[in-house]
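Chain R: place on chain E using the hints.
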Amino acid sequence: MSRKIIGKVLVLFVIGIFIYSCGGAKKPQKIEKVFWPLPPEEPRILYLGSYHGESDFKGRSALDVLLGEPEREIPKNLIKPYGVAARFGRILAGDTVAAVVFVIDPKGKKVSFIGDKAMGKLRIPVGIDIDKEGKVYVADARNQRVFVYDLKGKFKTAIGEPEGPGKLERPAGIAINEKNQRLYVVDVMDHRVKVYSLVDGKFLFAFGKRGRNPGEFNFPTNIAVDRRNGNVAVVDTMNFRVQIFNQDGKFLRTFGKLGIVPGTFARPKGIGIDSEGHIYVADAAFNNVQIFDDKGNLLLWIGKFGFGPGEFNLPAGLYVDRADRIYVADSMNKRVQVFQYLSEAWKKKYPEKYRELKLYKPSNLKKTQEK
Amino acid sequence: MTAYLYAAEDFVSLPVEEGGEYEKGIRATKHNLAEYKGKFLNPNIAGEYNLALCMWCHTQNIDVTFVDVEYKWDPEKEVDKFPVYGQTKKGPVLKSVAPSSMVCLSCHDGANAPNITFGKSSTGTSVHSHPVFVIYRKDRKYLRPYNSPLIGWEGKKHFVYDLIKDYNGRLQCASCHDPHTTNPLFLRSKNRGSKLCTGCHAL
Numbered sequence: 000m001s002r003k004i005i006g007k008v009l010v011l012f013v014i015g016i017f018i019y020s021c022g023g024a025k026k027p028q029k030i031e032k033v034f035w036p037l038p039p040e041e042p043r044i045l046y047l048g049s050y051h052g053e054s055d056f057k058g059r060s061a062l063d064v065l066l067g068e069p070e071r072e073i074p075k076n077l078i079k080p081y082g083v084a085a086r087f088g089r090i091l092a093g094d095t096v097a098a099v100v101f102v103i104d105p106k107g108k109k110v111s112f113i114g115d116k117a118m119g120k121l122r123i124p125v126g127i128d129i130d131k132e133g134k135v136y137v138a139d140a141r142n143q144r145v146f147v148y149d150l151k152g153k154f155k156t157a158i159g160e161p162e163g164p165g166k167l168e169r170p171a172g173i174a175i176n177e178k179n180q181r182l183y184v185v186d187v188m189d190h191r192v193k194v195y196s197l198v199d200g201k202f203l204f205a206f207g208k209r210g211r212n213p214g215e216f217n218f219p220t221n222i223a224v225d226r227r228n229g230n231v232a233v234v235d236t237m238n239f240r241v242q243i244f245n246q247d248g249k250f251l252r253t254f255g256k257l258g259i260v261p262g263t264f265a266r267p268k269g270i271g272i273d274s275e276g277h278i279y280v281a282d283a284a285f286n287n288v289q290i291f292d293d294k295g296n297l298l299l300w301i302g303k304f305g306f307g308p309g310e311f312n313l314p315a316g317l318y319v320d321r322a323d324r325i326y327v328a329d330s331m332n333k334r335v336q337v338f339q340y341l342s343e344a345w346k347k348k349y350p351e352k353y354r355e356l357k358l359y360k361p362s363n364l365k366k367t368q369e370k
Numbered sequence: 000m001t002a003y004l005y006a007a008e009d010f011v012s013l014p015v016e017e018g019g020e021y022e023k024g025i026r027a028t029k030h031n032l033a034e035y036k037g038k039f040l041n042p043n044i045a046g047e048y049n050l051a052l053c054m055w056c057h058t059q060n061i062d063v064t065f066v067d068v069e070y071k072w073d074p075e076k077e078v079d080k081f082p083v084y085g086q087t088k089k090g091p092v093l094k095s096v097a098p099s100s101m102v103c104l105s106c107h108d109g110a111n112a113p114n115i116t117f118g119k120s121s122t123g124t125s126v127h128s129h130p131v132f133v134i135y136r137k138d139r140k141y142l143r144p145y146n147s148p149l150i151g152w153e154g155k156k157h158f159v160y161d162l163i164k165d166y167n168g169r170l171q172c173a174s175c176h177d178p179h180t181t182n183p184l185f186l187r188s189k190n191r192g193s194k195l196c197t198g199c200h201a202l
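Residue numbers (numbering that gives the first Met the number 0), protein chains in the order written: chain E, 0 to 370; chain R, 0 to 202.
Next comes chain R alone, as it looks inside the complex:
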């Protein structure tokens, strides 16, 4: 707790730690929900100060066991963690929507943050800008093969296959977006001259 508190008091003079490139990115973007007038807002979290930037989304990975909880009606009972973002104790339930995309959707609902719309409306028309949660079919829509190189994409995305390999071959939010980047629209690569589009589509 102390580390964090000091950080809040004397935030500006603290250097960003080595290897903290994600923190650097987040701090400069709208995804920095923590900082307001140079101070961190309520992360009510102990430990390292830069967790304050991460725990908004990485809730699952951050150790929040310091939160003292007991069942008032049965203090002896062991407190179980809730499975978060569409997972169960056995793992994710949905094959099409990865837990990481659920994290995006949990805020981007139109109220907290700009709305993400996808799928088909009941009238059959597509209502999203780019298909998401769909299988990457390399023979359709002028899509490139899996081994096409991606140049200058952030987050160890060197080939097209890297975009989908962790998600059952489906496109997720994180395939093209990196919430930590300072690129416009949080794209994995600046889209100058449609560079991002042509990473997958060959015209």
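One chain only, chain E, in its complex shape:
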């Protein structure tokens, strides 16, 4: 008799533990800090987090699963993001398969979409940028236009002419310069960078042509504006280099060549420039982000192939926002990874966080150093 009771108690206990362990996933765990370079070097880049889409905010709790709560809506998540941008606390990621731009609002914990309505329907969104009025510019590789929306997804206008030199054949990366009110669009198939006015969307001029000499391109893809001086850096993907021009398209310098050692490129894609002029280049073959100074000297690289924090699976677009946060579209991992560049300004602003980081000992430190 008592044995039966003990048995029942045991069963209940086991069920209890099971339920407890299911809910346990929500408990705050010790989160490993991921940063580069490892101590004793000065930390420069800190991993902040990853965003996948609606499931970041709408997950079903373990209790729902146990009680058999009916599945509500299927969360819409990134499938194969390419372009990425961020401003006003929102992260924008263009998905080349879902054919929409995800507007992820981490503070408001919600996701909205741009380009899913009939007006301004997107097909392959690639380059994204946002201006200070909250206008979102999205280059669509198949629609051969740069579409302009507001942050809520209302279609405003399209840039790109049907004929002539202002026609976009396959626009990819874009970047805006607010100081001179220009929009720089990389045309992959025309091997040119085309410049439009932000005021009225008119075509101004283009620079470059197909070739291998300085100032020429072979399938360029992405572009970034140096917000300090207005220079533009263009990823010349199939020439395996980065070329830097001034804001009027005059060639300044180039760096990088084909290779599989640090400082060279095999499949360079996304590019971004931070407030101190460091150039970040994502490489899909190496699955990493290499960081250069504005003269092209290699400073550091972050990441390797994998699925964890700071690991990439075919990184594509890259964006550096005005607070020196680095956003990388990690296309095959179906997410956007966010990093922080630890500038002097950041260290002054967050002395506590900085001290914590300086004292932090990564658990895998020894292992990595032995390698």
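Please note: incorrect hints may appear among the correct ones.
Claimed, not checked - In silico DSSO-like pairs for lysine-lysine, Cα to Cα no more than 27 angstroms straight-line:
#1 E:LYS303 - R:LYS88
#2 E:LYS294 - R:LYS80
#3 R:LYS80 - E:LYS249
#4 E:LYS249 - E:LYS294
FYI, nobody ran anything at the bench for these hints, they're computed from the structure.
Chain R in isolation, oriented as in the chain E frame:
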């Protein structure tokens, strides 16, 4: 370097070397990223001129050690190669996606080249044209057994098993596509009368 430079100057008169059938194929296709108006574009590579056609994808296999790199902050430090296309020093990480498929995906992203879409969208619908990175199940989808012959397929693909044997039994891009061929859609066999499809599917 000299060999390549001469090639660029006097490209048209140079014969394609013996055994260079791949080069011949590449030159006639869209995968010829090197040639523009009869000249080679920036391969910045030394050695044989026809490497200019290969190194876009075979980056890993081509000797690029001539690239002088040193760490500015520590010139004595040995320069390590990056592992490329989803591999580590110990070999490929993913069982499902072979490094060769990673090479395809690294360009076919919608911006550089037409997009490859695969897998399931978050709404559960399939978004690709043909399943890829899946296991070849010979008892499903009217699939033929492993030892069925494939006639006229390029690249030493004589039996169905040849398509998957190098990839853990999974279908990869290179199972049905050959980037070097001049066939439409870079298929391993011309698909006239669904010949390519019926290589694996029996209806």
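Hint by hint, here is what the structure shows:
{"no.": "1", "hint": "E:LYS303 - R:LYS88", "result": "11 angstroms, holds"}
{"no.": "2", "hint": "E:LYS294 - R:LYS80", "result": "23 angstroms, holds"}
{"no.": "3", "hint": "R:LYS80 - E:LYS249", "result": "34 angstroms, violated"}
{"no.": "4", "hint": "E:LYS249 - E:LYS294", "result": "16 angstroms, holds"}
Hint compliance for this structure: hint 3 is the single one not met.
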